[in-house]
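Asks: Now for the letters of each chain:
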Amino acid sequence: MTPDRALRPAPAAPRPLALPHFERHALPNGLRIEHAERPGLPEVSLHLVLECGAGAEPPRLGGLGELTARLLTAGTPGRDAIQMARWLDRLGVGYRATAGYAVGAVSMHFLSELFEEALEFLAATILDSEFPEHEVERIRRERIDEIERQADDPATVAGLATIAELYGDGLYGRAAAGTEATVSAIGTETVREFHAERYRPGGALLIACGDLDRERLLAAAEARFGAWSGETAPVSPPETPEARANGLILIDRPGSAQSEIRVATVGVPHNTEDHHAIIVANAILGGLFNSRINLNLREDKGWTYGARSSFRFRRGAGPFIARTAVETGRTGPAFEEILREIEGMRTAPVTDDEMKLARNALTLSLPLQFETAVQICGKVSRQRVFGLPDDYWETYRSRIEAVTPEEVREVCRTYLDPDRLTLLAVGDAATAAPTLDGLGPVDVRPAS
Amino acid sequence: MRFDILEHTLDNGLRVVLQPDTSAPLVAVHVMYHVGSKNERAGRTGFAHLFEHLLFQGSEHVPREHHFKLVQDAGGTLNGTTWFDRTNYFETLPANELDLGLWLESDRMGFFKPGITQEKLDNQREVVKNERRQAYENRPYGLAFETLLARAYDEGHPYRHPTIGYMPDIDAARLEDVHEFFDLHYGPNNATLVLVGDFDPAAALERVEAWFGEIPARPVAPRPDVPVPARGGERRALLRDRVQMPRVYLMYHSPCYADPDFEAVVILNYLLADGNSSRFEKTLVYEKQMAADATSFTWPTESAGMCFAVATARPGVAAADLETEVRDVIDDLLRDGVEEEEIEGARNRARRGLLNGRAGFGDRADAIAHAAVLRGDAAYINDAFTRYGAVARADVERVAREVLDPSGLTVLHVVPEEETS
Numbered sequence: 001m002t003p004d005r006a007l008r009p010a011p012a013a014p015r016p017l018a019l020p021h022f023e024r025h026a027l028p029n030g031l032r033i034e035h036a037e038r039p040g041l042p043e044v045s046l047h048l049v050l051e052c053g054a055g056a057e058p059p060r061l062g063g064l065g066e067l068t069a070r071l072l073t074a075g076t077p078g079r080d081a082i083q084m085a086r087w088l089d090r091l092g093v094g095y096r097a098t099a100g101y102a103v104g105a106v107s108m109h110f111l112s113e114l115f116e117e118a119l120e121f122l123a124a125t126i127l128d129s130e131f132p133e134h135e136v137e138r139i140r141r142e143r144i145d146e147i148e149r150q151a152d153d154p155a156t157v158a159g160l161a162t163i164a165e166l167y168g169d170g171l172y173g174r175a176a177a178g179t180e181a182t183v184s185a186i187g188t189e190t191v192r193e194f195h196a197e198r199y200r201p202g203g204a205l206l207i208a209c210g211d212l213d214r215e216r217l218l219a220a221a222e223a224r225f226g227a228w229s230g231e232t233a234p235v236s237p238p239e240t241p242e243a244r245a246n247g248l249i250l251i252d253r254p255g256s257a258q259s260e261i262r263v264a265t266v267g268v269p270h271n272t273e274d275h276h277a278i279i280v281a282n283a284i285l286g287g288l289f290n291s292r293i294n295l296n297l298r299e300d301k302g303w304t305y306g307a308r309s310s311f312r313f314r315r316g317a318g319p320f321i322a323r324t325a326v327e328t329g330r331t332g333p334a335f336e337e338i339l340r341e342i343e344g345m346r347t348a349p350v351t352d353d354e355m356k357l358a359r360n361a362l363t364l365s366l367p368l369q370f371e372t373a374v375q376i377c378g379k380v381s382r383q384r385v386f387g388l389p390d391d392y393w394e395t396y397r398s399r400i401e402a403v404t405p406e407e408v409r410e411v412c413r414t415y416l417d418p419d420r421l422t423l424l425a426v427g428d429a430a431t432a433a434p435t436l437d438g439l440g441p442v443d444v445r446p447a448s
Numbered sequence: 001m002r003f004d005i006l007e008h009t010l011d012n013g014l015r016v017v018l019q020p021d022t023s024a025p026l027v028a029v030h031v032m033y034h035v036g037s038k039n040e041r042a043g044r045t046g047f048a049h050l051f052e053h054l055l056f057q058g059s060e061h062v063p064r065e066h067h068f069k070l071v072q073d074a075g076g077t078l079n080g081t082t083w084f085d086r087t088n089y090f091e092t093l094p095a096n097e098l099d100l101g102l103w104l105e106s107d108r109m110g111f112f113k114p115g116i117t118q119e120k121l122d123n124q125r126e127v128v129k130n131e132r133r134q135a136y137e138n139r140p141y142g143l144a145f146e147t148l149l150a151r152a153y154d155e156g157h158p159y160r161h162p163t164i165g166y167m168p169d170i171d172a173a174r175l176e177d178v179h180e181f182f183d184l185h186y187g188p189n190n191a192t193l194v195l196v197g198d199f200d201p202a203a204a205l206e207r208v209e210a211w212f213g214e215i216p217a218r219p220v221a222p223r224p225d226v227p228v229p230a231r232g233g234e235r236r237a238l239l240r241d242r243v244q245m246p247r248v249y250l251m252y253h254s255p256c257y258a259d260p261d262f263e264a265v266v267i268l269n270y271l272l273a274d275g276n277s278s279r280f281e282k283t284l285v286y287e288k289q290m291a292a293d294a295t296s297f298t299w300p301t302e303s304a305g306m307c308f309a310v311a312t313a314r315p316g317v318a319a320a321d322l323e324t325e326v327r328d329v330i331d332d333l334l335r336d337g338v339e340e341e342e343i344e345g346a347r348n349r350a351r352r353g354l355l356n357g358r359a360g361f362g363d364r365a366d367a368i369a370h371a372a373v374l375r376g377d378a379a380y381i382n383d384a385f386t387r388y389g390a391v392a393r394a395d396v397e398r399v400a401r402e403v404l405d406p407s408g409l410t411v412l413h414v415v416p417e418e419e420t421s
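Going line by line, the protein sequences match chains U and C. Residue 1 is where the first sequence starts when you use this note's numbering, and the numbers rise one by one after that. Residue 1 is where the second sequence starts when you use this note's numbering, and the numbers rise one by one after that.
No lab work stands behind these hints, which were simulated from the structure alone. Glycine residues also receive a C-beta, built at the ideal position from the N, C-alpha and C atoms. Where hints are given, some of them may not hold.
What the hints assert, rightly or not - Straight-line C-alpha distance at most 30 Å; calculated DSSO-like pairs for lysine-lysine: (1) U:Lys356 / C:Lys69; (2) C:Lys69 / C:Lys113; (3) U:Lys356 / C:Lys120; (4) C:Lys113 / U:Lys379; (5) C:Lys69 / U:Lys379; (6) U:Lys301 / C:Lys288; (7) C:Lys282 / U:Lys301; (8) C:Lys69 / C:Lys120; (9) U:Lys301 / U:Lys356; (10) U:Lys379 / U:Lys356.
What the hints assert, rightly or not - Chain U regions said to be covered by chain C (calculated; three or more residues, Cβ under 8 Å): (11) 90–99; (12) 203–212; (13) 313–327; (14) 389–398.
As the list claims (entries may be wrong) - Rough simulated footprint, nothing fancy, chain U against chain C, three-plus residues with beta-carbon under 8 Å: (15) 66–72; (16) 88–98; (17) 239–247.
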């Protein structure tokens, strides 16, 4: 039978998606454990989430959380850094420890047959790390080098300058991993104290997903983490700053092949009443390939490889950022088009066609968002860290579908105030500046 | 761990590989064409990639901007990529939208030409030029591989130019080139369709036949000869870039993806530079603190393999000194061999990497398509796990001697604009 090519083929009956169910357990010391068994591939994804992010640091020691996380494999009483590395590398476990603004996390991925030994390794890094002076010194220098090298990449420069402009000295105004000045000020004792205070079972969460049953998980968790003790308070979100008045900043990078462009403002925390309307609004404005910003700048004008926008949802009010990179001569026009698209979201209701696309893209993609053990661990981790309702994903579809075009316009009017948008470009000022006429006074700055 | 693989070839030559898996209500649809940047002619570098962009611009029955829109509207994801040897197009969809994926892929395979216009070509040409600016020219070290390939391969070698292409060549592309390229390379008998996910194999094959069966086979252009370059001595290149730290690239001619020694080279890469106890990390980053980072990897090309070692200098370390240190580590390995524990760890890391790269249906379809097209063996998806596990110390030591041979080495130093090497 030759099918009819003239029309999009009708979908078959949808197959149900079983969202993963996480069983909750706790050890007597307060360590919370969440577990979803997924037979199938012989793999396990594991997250240990701790209240040890940048929000727990003194601002003058920004990056302490990240530095401490990086030092977890730098030595225990029985093993130095090289021996720890040989242990991990022999197992072949995927391991990453990092700190964000609120929490820090160790994430691991390994063959399920290695679960017990992987957990033994994790426990050694969390409970027994000694933070030898020379290792702290070494990792601190590596971090400072990394921070210096960020200046090589115009996209990174644009991102860091944008958040600094929005949040000033506030927590979200700097990279969670710190700056050269703050990382330089961190000493060994500070790291040890931070670890002693923040790496505690009360307030910590162990998430496991994969080919692993409850008995194995709980037996090993009790054996390895049972003797751990203490409690840590959650990291509070920062105060939301007043969104600043309009500014236009051009960071000069002579000879740049393009301008990296950002249009940004202070956004909202993850947990807000109008959360779902914001998600729909952003999908239409700049979240999807067929969003207004991307269709305009890429598929209509051809000025860029891509343009998009996002609200960064955190415990506190993360930024809204629209971003693109355009040929230098289009710097001003690209700003104008992005501003026009934002204004369009505020003044006229979005179309039914746009609403349908956003709704479907957001809700019908749930099976893709919960496909692998690694993805599922990440999802549940975010849900707990940001204090989302337990039925967040179960109700996600109905709440997205309930959003109206009026609500979309309303959140754009509330959160995307044209008088409070920061415009920033990193590019060749000699070529870019003349294209900015009509956008207001330009603050031209040299690249650092 | 074994994935069920079912293979079938349609009368028009389209190779079909089915990998049913009911663990998620999804289906990955992946079409790989056996054409890439190596098929481009002089003056038209970047064309295979520009062409890939055009295949997202609609076809006879799919209006412009609808390809992305329909997939996202169904809750799917999609993309396409171009490489030396192949170009692929893929989407992962809810399982009940299998027909949507097959319709979109068969329409651009069988009914592309009526949809293409000069306007679409001009628009995507600008998009691609901006991709080159954003992802290569305006990125630190972004032109390193292009510089390295141009030095390692002689004029006329099919791997000599970058997939993104050179700017004047992107400008030179014409509508006639688009039609010609399609005719030469995009017939069903030059393509492999892979489905991974929640479907009944017999029913899925019936749908594939329905959508693709009517597309006629076409003569396939002869594939270019891709010779392994002679090892005529070391070659060197220098690139000045807007970076603070020098970076050193070593590129060796190496077994290609289908070579029986491919897995041993990958294990060698793992023990050289994956993990803090690896040779490069331990010596260059940890002990001597001369490198900020160090990696080693092999590109799984169809012919003429490429094995790389790349290290970025710490402040105050010159490229020449870093190169000496990297080569010392390699010489130590060649002289003293490797330890059993290193091999065991490298095997375990490689196997975990394979597992991680096959967990998602889209990634798995990609791995199957590569195995089917570049090795002619879809079942390699399963065998790879065993083969990596079977790499022995003697294998690694032998391939290390064969591959890490200075007579086949090309060295690139990327240095800050104001410095000398």
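Asks: Next, verify each hint and record whether it holds.
Replies: Against the structure, the hints:
1. U:Lys356 / C:Lys69: Holds, because 11 Å separates the two Cα atoms, which is no more than 30 Å.
2. C:Lys69 / C:Lys113: The hint holds at about 20 Å.
3. U:Lys356 / C:Lys120: holds (26 Å)
4. C:Lys113 / U:Lys379: violated (43 Å)
5. C:Lys69 / U:Lys379: holds (25 Å)
6. U:Lys301 / C:Lys288: Violated, because 51 Å separates the two Cα atoms, which is more than 30 Å.
7. C:Lys282 / U:Lys301: Not satisfied, since the Cα-Cα distance of roughly 49 Å exceeds 30 Å.
8. C:Lys69 / C:Lys120: holds (17 Å)
9. U:Lys301 / U:Lys356: Holds, at roughly 25 Å.
10. U:Lys379 / U:Lys356: holds (25 Å)
11. 90–99: holds (count 5)
12. 203–212: violated (count 0)
13. 313–327: holds (count 3)
14. 389–398: violated (count 0)
15. 66–72: Our answer is that it holds, as 4 residues pass the Cβ test (under 8 Å) against chain U, meeting three.
16. 88–98: holds (count 6)
17. 239–247: holds (count 4)
Hint compliance for this structure: hints 4, 6, 7, 12 and 14 are broken, all remaining hints hold.
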